[in-house]
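Chain A is fixed; fit chain B onto it per the hints.
Residue strings, one per chain:
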Amino acid sequence: MEQQARRIEHDARGLDPSHPGSSPLDLPALYTQHFELVWRNLRRLGVPEASLDDAVQDVFLVLHRRAAEFLGQSNIKTWIVGIVLRVAHDYRRSQARHSARVALYAEHYRDTVPADCPAEQVELKEAAALVRQIIAHFDDEEQNVFVLVELEELSLREVAESTGLSLSTCQRRLTAARKAFDAALRRVDDPSRKRANP
Amino acid sequence: MNELSPEARRLLGLARRGDDPQVADRARVNQRMARRFALAAGVAGTALGTTKAAAGTAALSTLLVKGIVTGTIVVAAAAGTWKATEHLVSERRAAPIGAVVRTPMPQAVEQQRAKRSHADGAPLADERAAPATSAQRDVAATSTQPDVTAPNQTKKTAARPEPRTEIEEPIEPSGSEASLDNAADPLQVEAAGLREVQQTMSQGQAARALRLIAEQDKRFGGGALAQERAAASIFALCSLGRSAEARTRAVTFETRWPRSPLISRVRRACDPEASN
Numbered sequence: 000m001e002q003q004a005r006r007i008e009h010d011a012r013g014l015d016p017s018h019p020g021s022s023p024l025d026l027p028a029l030y031t032q033h034f035e036l037v038w039r040n041l042r043r044l045g046v047p048e049a050s051l052d053d054a055v056q057d058v059f060l061v062l063h064r065r066a067a068e069f070l071g072q073s074n075i076k077t078w079i080v081g082i083v084l085r086v087a088h089d090y091r092r093s094q095a096r097h098s099a100r101v102a103l104y105a106e107h108y109r110d111t112v113p114a115d116c117p118a119e120q121v122e123l124k125e126a127a128a129l130v131r132q133i134i135a136h137f138d139d140e141e142q143n144v145f146v147l148v149e150l151e152e153l154s155l156r157e158v159a160e161s162t163g164l165s166l167s168t169c170q171r172r173l174t175a176a177r178k179a180f181d182a183a184l185r186r187v188d189d190p191s192r193k194r195a196n197p
Numbered sequence: 000m001n002e003l004s005p006e007a008r009r010l011l012g013l014a015r016r017g018d019d020p021q022v023a024d025r026a027r028v029n030q031r032m033a034r035r036f037a038l039a040a041g042v043a044g045t046a047l048g049t050t051k052a053a054a055g056t057a058a059l060s061t062l063l064v065k066g067i068v069t070g071t072i073v074v075a076a077a078a079g080t081w082k083a084t085e086h087l088v089s090e091r092r093a094a095p096i097g098a099v100v101r102t103p104m105p106q107a108v109e110q111q112r113a114k115r116s117h118a119d120g121a122p123l124a125d126e127r128a129a130p131a132t133s134a135q136r137d138v139a140a141t142s143t144q145p146d147v148t149a150p151n152q153t154k155k156t157a158a159r160p161e162p163r164t165e166i167e168e169p170i171e172p173s174g175s176e177a178s179l180d181n182a183a184d185p186l187q188v189e190a191a192g193l194r195e196v197q198q199t200m201s202q203g204q205a206a207r208a209l210r211l212i213a214e215q216d217k218r219f220g221g222g223a224l225a226q227e228r229a230a231a232s233i234f235a236l237c238s239l240g241r242s243a244e245a246r247t248r249a250v251t252f253e254t255r256w257p258r259s260p261l262i263s264r265v266r267r268a269c270d271p272e273a274s275n
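Residue numbers (numbering that gives the first Met the number 0), protein chains in the order written: chain A, 0 to 197; chain B, 0 to 275.
Chain B with its partners taken away, still in its complex shape:
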């Protein structure tokens, strides 16, 4: 076999250690990962309401938030780049598994929520947008995701339908949206809107969910969560028995976001037992 020159060997020896991520890189990706999974879990919950898939994704996002974001706390604290960690950790400890999907938010919003939650006697168990950073604004924008398949994997197993089981969806205490309207981060407001859609769907009010989605589409236009709203609208239409309309929208969805992680759920929205 052709061997490399000593100069090349030396250069490669150095290069091996030159591509590792920096602490800040890891912290940034950690936050975005947790957020992206959390949103996917939210929409998955809206999508199938009470499916194992939703449970799995919700549990996963919880694990990610608990695992990855907690990792972020350590990493970011070391880098001195992320505040509000102590608050976040204490809330995560208090919240039930499977219900906690949240990322840190501005202190003022936290205080309002804490007060309201205490008054309601309800646990803090919901999803919120992270503080405004340019890196986090596009966490839910999946239009650039390549659809990739690991080598040696078969379609057959990928297409296995997921059986339905009952799970409890985390429910946010009502009335939270107005307070979030005051938040500085537009993504927070948009995420709150999506969560309201999810709650409405979980309460069986698909028609109202559709109206909310239409209002939010008008309000946010092609916002960061346009894809999640589009998916939610398809699930709502299926719930209302408007399958033809849902399928038309599903085709549009697939054309617009061909590599979306939600695509398999969108495809079988009106027929959960169907394969991808």
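Next up, chain A with everything else stripped away, as it sits in the complex:
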């Protein structure tokens, strides 16, 4: 049974179980492989720019602490995403309690696209910033499901695994979030609608 769990886990990770250095969960390998996944989703999920570094570290510290518990019940990506969701939630909550002055300053500073940034990069960054701005107003579950489906391109089944929600709940949250996103985007495109319908 244990062997089977380990095989599933290694399959999920795409790592070689016969490698002598392979521990049940090889943190440096996980870090190398999933750093970007963790970073971008913490950012999308509303972790303040000033706290991103700390939040990324926290995710991997939790991974390290919980490594023994990962037995391959879920695939490694959805397991990590589940941890990302929890860390992001805690940071958002902490931010709400904490004076946001410093975070806002850092956010403003970081979001300022450098003058020498290629035009294509500018467009990507501005698009990402606009999406973050819109989804920041969603409730937690809608934001999580929307980010994972529309930005991270996970399947609904994977989202259900990561969030612990049922498939049907994920579906409802996604539908509501899509509707809200479209409506918010229309308001952005048409400032007069924003004034009339804030």
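Be aware that a few hints might be false.
Below, simulated DMTMM-like cross-link-like pairs (lysine to aspartate or glutamate); rule was C-alpha separation at most 25 Å, straight line [claimed, not checked]: (1) A:K178 with B:E6; (2) A:K178 with A:E151; (3) B:K217 with B:E253; (4) A:K76 with A:E119; (5) A:K178 with A:D139; (6) A:K76 with A:E152; (7) A:K76 with B:D19; (8) A:K178 with B:D24; (9) A:K76 with B:D24; (10) A:K178 with A:E122; (11) A:K76 with A:E122; (12) A:K178 with A:E152.
I should point out that these hints are in silico values taken from the structure, not numbers from a laboratory.
Only chain B this time, still in chain A's reference frame:
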């Protein structure tokens, strides 16, 4: 299912590629990760002295330093942001697995250490603070860490006690602290102090370790490593059989740093077989 408008689809298509970290972001986090794990390993070693947990954490920090920081070398070299990489790599190659936990330091300190190490005939195998950058100064400050649990995980497995096994703790050649006092980075000095505490503990001199911690608390106040010193003091008290005092301090520790990664070790400091 409600579908998104074409405008929304287009925006999301762009946004998907707009949130990735920059090279400098990765380099910065790499260094901080390696440092944070290295410090945790140091205190874990002090904590339980000869436990599997300490061995695991020490090995992990070694892997992180070897893996992540080596990754940083590549990334940072590409970004042109981090020097001293060649020196670091050559030392890592020479040092034994399980003993190397260090990050780069100013050249002057490196040279002093190299000279001393050569004279002692000892390998360079210890932990040092990274060069002074504002981003690295708070690497050990864990007071803002949220305590999170992955979904679908059970407490039972998290609380599994860790059996004791014998390991060798990396020992820094003595007399290094004075030279570090001259270093520009206060974090380096503070880290050197913590390492001295660790060495003293590993030599079974818990009372002396406590005195060192008290001196350092006075000297550094609420420095970057206050949490690690507080944990070390609890482990020292347990070693001296002063369990009641240790437990009182453990309660204070938990109140002050409720999300500390050291908290489970602090909780079972006087009773390694106890669950969290």
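Quick rundown of the hints versus the structure:
Of the pairs offered as hints, the one joining A:K178 and B:E6 holds, with about 13 Å between alpha carbons and a cut-off of 25 Å not exceeded. Using a Cα cut-off of 25 Å, the hinted pair A:K178 and A:E151 holds, with the two alpha carbons roughly 19 Å apart. A distance of roughly 21 Å separates the Cα atoms of B:K217 and B:E253; the hinted pair therefore holds under the 25 Å criterion. A threshold of 25 Å between alpha carbons decides the hint, and for A:K76 with A:E119 the separation of about 29 Å lies outside it, so the pair is violated.
Distance hint between A:K178 and A:D139 is fulfilled; the C-alpha atoms sit about 16 Å from each other, no more than 25 Å. For the hint pairing A:K76 with A:E152, the CA-to-CA distance comes to about 12 Å; that is within 25 Å, so the pair holds. For the given pair, A:K76 sits about 17 Å from B:D19 by alpha-carbon distance, which is consistent with the 25 Å threshold. Among the hinted pairs, A:K178 with B:D24 is inconsistent with the structure: their alpha-carbon atoms are about 34 Å apart, more than 25 Å.
With a C-alpha separation of about 21 Å, the suggested pair A:K76 and B:D24 falls inside the 25 Å cut-off, and the hint holds. About 24 Å separates the Cα atoms of A:K178 and A:E122, which keeps this hinted pair within 25 Å; it holds. Simply put, A:K76 and A:E122 have alpha-carbon atoms about 28 Å apart, too far for the 25 Å limit, and the pair is violated. A distance of roughly 18 Å separates the Cα atoms of A:K178 and A:E152; the hinted pair therefore holds under the 25 Å criterion.
Comparing the model with each numbered hint stated earlier shows that hints 4, 8 and 11 do not hold.
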